[in-house]
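Here the structure of chain A is known, so what remains is to put chain B in place on it, guided by the hints.
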Amino acid sequence: DIQMTQSPSSVSASVGDRVTITCRASQGIRTSLAWYQQKPGKAPKLLIYAASSLQHGVPSRFSGSGSGTDFTLTISSLQPDDSATYYCQQANSFPPTFGHGTKVEVK
Amino acid sequence: QVQLVQSGAEVKKPGASVKVSCKASADTFTGYYLHWVRQTPGQGLEWMGWINPLSGGTNSAQKFRGRVTMTGDTSITTVYMELTRLKSDDTAVYYCARGERSYSPDLDWFDPWGQGTLVIVSS
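First to last, the protein sequences are chains A and B.
Numbering-wise (the working numbering), the first sequence opens with residue 1 and increments by one.
Numbering-wise (the working numbering), the second sequence opens with residue 1 and increments by one.
Excised from the complex, chain A in its bound form (with noise of 0.2 angstroms):
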């Protein structure tokens, strides 16, 4: 199976601070990345597909990008509501599998 490895863990930034999001793939995964945003206590909620496409209705403060093995989900500027675990997942190679999460704090 793919391995998924995502970068921070955790992080801390302030309201309309611009935050990077790193993962990275064991193996070459073309553009096949979605991202998730998760609150405590409630599913997955799909940011991206496709690497950089933006699922309807998600803010544009929030966009994706890369290809091969290496991809990054941005927040342009970071909103309180913005607070969540964030996961990546590849959808390359059977079975599909996810990152371990970032969890952003908004201080």
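Note that these hints are calculated values from the structure, not bench results.
Among the clues, some could well be false.
[Unchecked claim] Computed from the model, here is a short list of chain A residues facing chain B with C-beta under 10 angstroms:
1. L33
2. Q38
3. G41
4. K42
5. F62
6. T97
Since we're looking at a predicted model, the values are computed, not measured.
Note that CB positions come from ideal geometry on N, CA and C, so glycine has one too.
For chain B alone, kept in the frame of chain A given last:
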């Protein structure tokens, strides 16, 4: 509005089975694959498998084959995931989720998700 509504929490003993239900809206049930993903403190998010609710076709991750059965009831637009021979490390929140790529259920991303069903395995 797309909705996936799951059954309530369960407590099971090791060796027992659990069956979790997921009721979908009619358009989701007829037009999409439905997936099961679980979340454990130790392993994080793990994809378990998918079901085509109309045909009943399924596929699952190697890890769960032989223990997981996914079925559907078209009359009530509900799918089920049964996991047998439960162990303590099967303690998790189990989610159903709609697949976004109907042409590629083995390689999919998921939106939306049900609210989750907590399954506790303890003697």
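- Query: Against the structure shown, which of the earlier numbered hints fail to hold, in ascending order?
  - Reply: The structure conflicts with hint 5 only, although it agrees with all the remaining ones.
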